[in-house]
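So the sequences go chain by chain: R and S.
If you're matching positions, the first sequence starts at 0 in numbering that gives the first Met the number 0 and goes up one per residue.
If you're matching positions, the second sequence starts at 0 in numbering that gives the first Met the number 0 and goes up one per residue.
Hints should not be assumed to be uniformly reliable.
Once the Cα atoms are required to be at most 20 Å apart in a straight line, the calculated SDA-like pairs of lysine to any residue come out as [said to hold, decoys possible]:
#1 K93(R) with I106(S)
#2 K58(S) with S12(R)
#3 K58(S) with T95(R)
#4 K61(R) with R137(S)
#5 K349(S) with R36(R)
#6 K349(S) with S37(R)
#7 K58(S) with D64(R)
#8 K58(S) with P68(R)
#9 K140(S) with I74(R)
#10 K121(S) with P68(R)
#11 K400(S) with W143(R)
#12 K61(R) with I106(S)
#13 K58(S) with S70(R)
#14 K58(S) with W17(R)
#15 K58(S) with V66(R)
#16 K58(S) with E69(R)
Computed Cβ-Cβ distance ranges for the label pairs, DEER-style [unchecked claim]:
#17 D95(S) with L1(R): 37 to 45 Å
#18 N131(R) with P407(S): 23 to 31 Å
#19 V266(S) with R126(R): 46 to 54 Å
#20 L1(R) with K63(S): 41 to 49 Å
#21 F109(R) with K349(S): 35 to 43 Å
#22 K63(S) with D100(R): 28 to 36 Å
#23 K400(S) with R126(R): 35 to 43 Å
Just some of the chain R residues that point at chain S, by a computed CB distance under 7 Å [as the list claims (entries may be wrong)]:
#24 L19
#25 E31
#26 R32
#27 C33
#28 S37
#29 Q38
#30 T39
#31 I65
#32 W143
Hint data in this document are derived by calculation from the structure and do not stem from the laboratory.
This structure is a prediction, so every number in the text was calculated from the model and none was measured.
Glycine included, every Cβ here is placed at the ideal spot set by N, Cα and C.
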Amino acid sequence: MLIGERKFIIDASRQRMWDLLLRATMRLMPFERCNIRSQTEFSALLRMKVGPITLPMQVEMKIVDIVPPESLDTILKAKGMGGIAWINQKSTFKLTAINEDKTEVDAKIFAEGMSPLLRLFFLPKVRSFAGNSYKLLEERLRQWA
Amino acid sequence: MVPEKPYTEADVVVVGYGCAGGAAAIDAHDNGANVIILEKSAVPTSNSRCSAGNQIYPKDPKEKEKFAAYLHAVSFGTVEREIVDVFVDGLLQNPDWYKQMGGELEIFLFPPASCSLYIPNKTYSGIPEAQGLQLELRCLKQTETCSEHAGGDRVWHLLDRQIKKRGIKVMTATPVKELVKNEKGEITGVIAAVEGKDVYIKAIKAVIMTCGGFEFDEDLKRDNLTPSPIFSFGNPDNTGDGIRMVQKVGAALWHMSKQATYLAVKVPEFEAGFVVNLLAPGFIYVDKYAKRWADETHIECHEFWVPLSYFDIEHFEYPRVPTYLIFDEEVRRIGPISYATMGYNVITNKYIWSLDNSEEIKKGWIIRAKSIPELAKQLRLDEKALVDTINRYNAFCNANKDEDFGRPREMIKAIEGPPYYGMKLWPVLFNTQGGPRRDKDARVLDPHGKPIPRLYAAGEFGSIWGFLYQTSTNFSETIVFGRIAGRNAAKLSPLES
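Pulled out of the complex, with its shape left as it was, chain S reads as follows (with noise of 0.2 Å):
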């Protein structure tokens, strides 16, 4: 039922300021709209302002229809091309648009002394539509106007200076609880808690949902993420709450067993993770047995919940979960462990690791031991597992052979010591991919493919990615599934009165 007096109202709502939700707002301003943005947080700070904020271009704009053709067979069959098409062609209009506004993007180059972050250009390049594709990821260029931050914040600081350059009002500290739906079945508004109180706030054309995942949402991870447990380097306030309000007005939802996961440290001090980054080779990861278990510097760092997800039936336990992270002088060293210019951590609660991780050691997240066996019991590992896993390592070191894993030469050094370091690593989601469904025009879909009049979804909040993720696609999409929502939306005709 449509309460009678709103609170307030604008044409076009929208919910969640992250960068989805502020390119959908400067669109929808752009073609006419008076647009109001609601916030749950009291600081914005979504999960694409948490991000590295990189975009993925064909190198060649005119090989967009072997990219398309690429994205699609990535997805696997969980999303239509025409969406995809749709999300190429909106991509390649992106750098302009980014000029507009005083931004400009440059070819991102990941910092090349990160030994465990691997983001390869094209993830899946076995796959036959990968064939002679050339891609390349950019980013936001710092500059005069974009000056004060890197990765998705610098883009979303860009986005929030034209919000406020346009009036446009922002709404912080104001959760929205429910979908208003009027008799037609069409989205009327929503209802929003402003200083405690339930008030009903009007959307003349159209709700956007931009409110991200369900990353900090228990039940909903427990339900369709694996492994467990499994944390975010996001916002706390990231609970699926949008889903739930997007369920009861009958939406579809998809992509929901889908994430982008890395490693992270994470201490009870904290809600979200530290996402971790070595800067030398001389580093391995192993499982609750002490043994290694991969390359540990070729995992794509968005698919690290694939290997972590494996299961051992007979013990009945995820026994990568945690995983320990064994490393030495060199890596303590030559710098932070934790990744400095990404994360909730870092963007919000400013929190500074230290250059050297002392801190860190201090605190007792990091445990350092006079010898292997000292550092298996504080970590509470087998000791001759662990001493005949590091003697193992460090004999294919010495050969300049990986015969278990295979990582390359440029990347195997021993682990040498005393003193030897230690800790342990958890799956830390980057995001999750589930929500309503949507269609080209950014619409949500019910069960039956119908478009639920008047509600738009863009970002994680629904992702269009549902099978293995493609390095650098869901900013990507951000942005220009934000702007295609915004645009359609300022396009609608008001509602009846």
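For reference, chain R alone in the conformation it holds in the complex (with noise of 0.2 Å):
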């Protein structure tokens, strides 16, 4: 189920959108403690704020497919509220050069599996922090670039 999308252009060649992108990305979420295991691979914790209460959740992140500097995909499975809550969520991310400097960057989220308790009552919360966080992005990557 896709979530969230937004494709934009930034003024940057596509090394440079490369070197910023994950970072912007990562920089979006406020984890903590994060475990680094591997090149491609986190785990961490991640306190959502839905509505007036906030939500500790337990990050897996993998980036997979990665093809320097074209694309790459991460995949993110969180869990919380004592494993009652979560989400399996795939991010795919395509930069494509207009021209030397110039790049279009379109990324997606697709929700690949939640919990009934999510689905039922925070699904419009979750399309609006995954497109809220999209548009935090273009904001950083256009800060950036």
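The task is to assemble the complex, starting from two chains supplied on their own in separate frames and drawing on the hints.
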């Protein structure tokens, strides 16, 4: 299920975008206690704000299908509330060079599985979280580029 | 003089069980030799095993000529071009070799959250030979056959399984003390300590030395390296024994003053240092006078020895040794400030750094303070100087421009507090490069360039890299020249009795 997407063009080379993309993505989320297991895998604690409450989620993230400087995917599994709230999501990032100094960024997030609790009560929140994250991603990339 | 009766013998005796030793033993065995590996440590933990285990490749294999020209230029005349050509040829054969053993290489993507470990694919993009050349780092993929470890440790385990499968004998806790040479000048074996007793282990065809560097030999470091002091992230058994052994049989040395050095936390409880990895950008490095000295995020992580070697003649000191790391709460909370998958303290000592750094604060390794002057006081830095430095850096962050060192926009963030944190960091060797000079066939040479018969070397023990260090060439070389040494040693005719 597609829960968020954003396509935009940044005034920077594809290589520069590649160098910034993952850093920007990582910094969008307020991770804590990151445990880097290998060059493509880590776990972390994520405190998600859902309305007035803060939901601590245990996150496992893996970067896959890396084709520098064109595309990569991330697989994120998050669970909280003793396991009754969980989501598995996949994000895809594709960088297309428009010319030497312009790059199109095409980002999509898919929910590949979600606990009934999240689906019933928090799906709009999950969508808006994904949408806001990508808006922030675009802003940050523009600022850094 | 050659002892009469050997304790044991093999066609090929490999001294040192890291990745170079493993590769040498496998290829010697697969070329028909009977092999013994002698390892000084009770738990084999070479620097290659402690490392990130990355290997460098030209993106397009057809660019191998260009790649070799680039590496030769980086070496600045310290290695012959023919050796670099052999390295590149061997490198391109390695992926198939890994496959035969159940391994597979994949693109290495450095943990994108790291703000301190800077590893560009092409380290010296400014030199003419780099123009148009595209490089990529690769590492061993996590698969069913290589599941349990990361980096160089993963490669070592892959090799170790192959060593066991082939029935190659490994004698651990067996330090080699001397090379044995006959009247013809041939190396016929080694004297090693087995259960406290010195014994002769005969090499019917050759001895291959893959016994690492001199990271824990204070005299050799003082004579050859800057800055000082300088510690290591690797095995404390790397005390340069092999260097003295090959000198005794007449080997020439090369690249003794070269090194790959980063920054680490060094505490008295551990002989090796903890490699630093900062996952958020709210940090700076300052010298003994509380002054920043670089764009902290863009010093190639193997080349820290270059800026750290700055020597202040007036004060007669290395002002950046130690360097002081100053950081904020976000850096403290986001994750361990020591790299979790690399180094002797992780691989062998099994130290697990706390995920929020709280244990290391309790131990006093990290200083926590309610104000910058208090932090300065605890670190014994000038209070006003540290306050001025942090204020100046924070002002650059607010203006989104580091006017002192050009730290890039994506990497600057004000140091916010309280609390504030600080600690001393020290230069830490990933490896030394010096050791016996060798040729393209991995043969050890004498000062006149003549091979010492039946003596080979590989790995960081006389690395081919003798000037600045191109990322991931040490690990690549370990495998390439380990294999070359193994193959060539196996092809020799046996010693005449």
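Tested hints:
1. K93(R) with I106(S): holds, 17 Å
2. K58(S) with S12(R): holds, 19 Å
3. K58(S) with T95(R): holds, 19 Å
4. K61(R) with R137(S): Satisfied, since the Cα-Cα distance of roughly 17 Å is no more than 20 Å.
5. K349(S) with R36(R): holds, 14 Å
6. K349(S) with S37(R): OK: K349(S) and S37(R) at ~16 Å, within 20 Å.
7. K58(S) with D64(R): At roughly 16 Å apart (the allowed maximum being 20 Å), D64(R) and K58(S) satisfy the hint.
8. K58(S) with P68(R): holds, 12 Å
9. K140(S) with I74(R): The given pair, whose Cα atoms are some 17 Å apart, holds under the 20 Å limit.
10. K121(S) with P68(R): holds, 14 Å
11. K400(S) with W143(R): Holds, at about 11 Å.
12. K61(R) with I106(S): holds, 14 Å
13. K58(S) with S70(R): holds, 16 Å
14. K58(S) with W17(R): Given pair K58(S), W17(R) holds - Cα atoms ~16 Å apart, limit 20 Å.
15. K58(S) with V66(R): holds, 11 Å
16. K58(S) with E69(R): holds, 14 Å
17. D95(S) with L1(R): 37 to 45 Å: With a Cβ separation near 40 Å, D95(S) and L1(R) satisfy 37 to 45 Å, so the hint holds.
18. N131(R) with P407(S): 23 to 31 Å: holds, 25 Å
19. V266(S) with R126(R): 46 to 54 Å: Holds, since V266(S) and R126(R) (Cβ atoms, about 48 Å apart) stay within the stated range.
20. L1(R) with K63(S): 41 to 49 Å: holds, 43 Å
21. F109(R) with K349(S): 35 to 43 Å: The hinted range 35 to 43 Å holds for F109(R) and K349(S), with Cβ atoms some 38 Å apart.
22. K63(S) with D100(R): 28 to 36 Å: Hint holds: Cβ distance 31 Å, inside 28 to 36 Å.
23. K400(S) with R126(R): 35 to 43 Å: At 37 Å between Cβs, range holds.
24. L19: Since the shortest Cβ distance to chain S is 6 Å, the answer is holds.
25. E31: holds, 5 Å
26. R32: holds, 4 Å
27. C33: holds, 3 Å
28. S37: Status holds, d = 4 Å.
29. Q38: holds, 6 Å
30. T39: Given a least distance of 6 Å, the restraint on T39(R) holds.
31. I65: With a closest approach of 5 Å, the I65(R) hint holds.
32. W143: The hint holds - W143(R) has a Cβ within 7 Å of chain S, the shortest such distance being about 4 Å.
Checked against the numbered hints listed earlier, the structure breaks none of them; every hint is satisfied.
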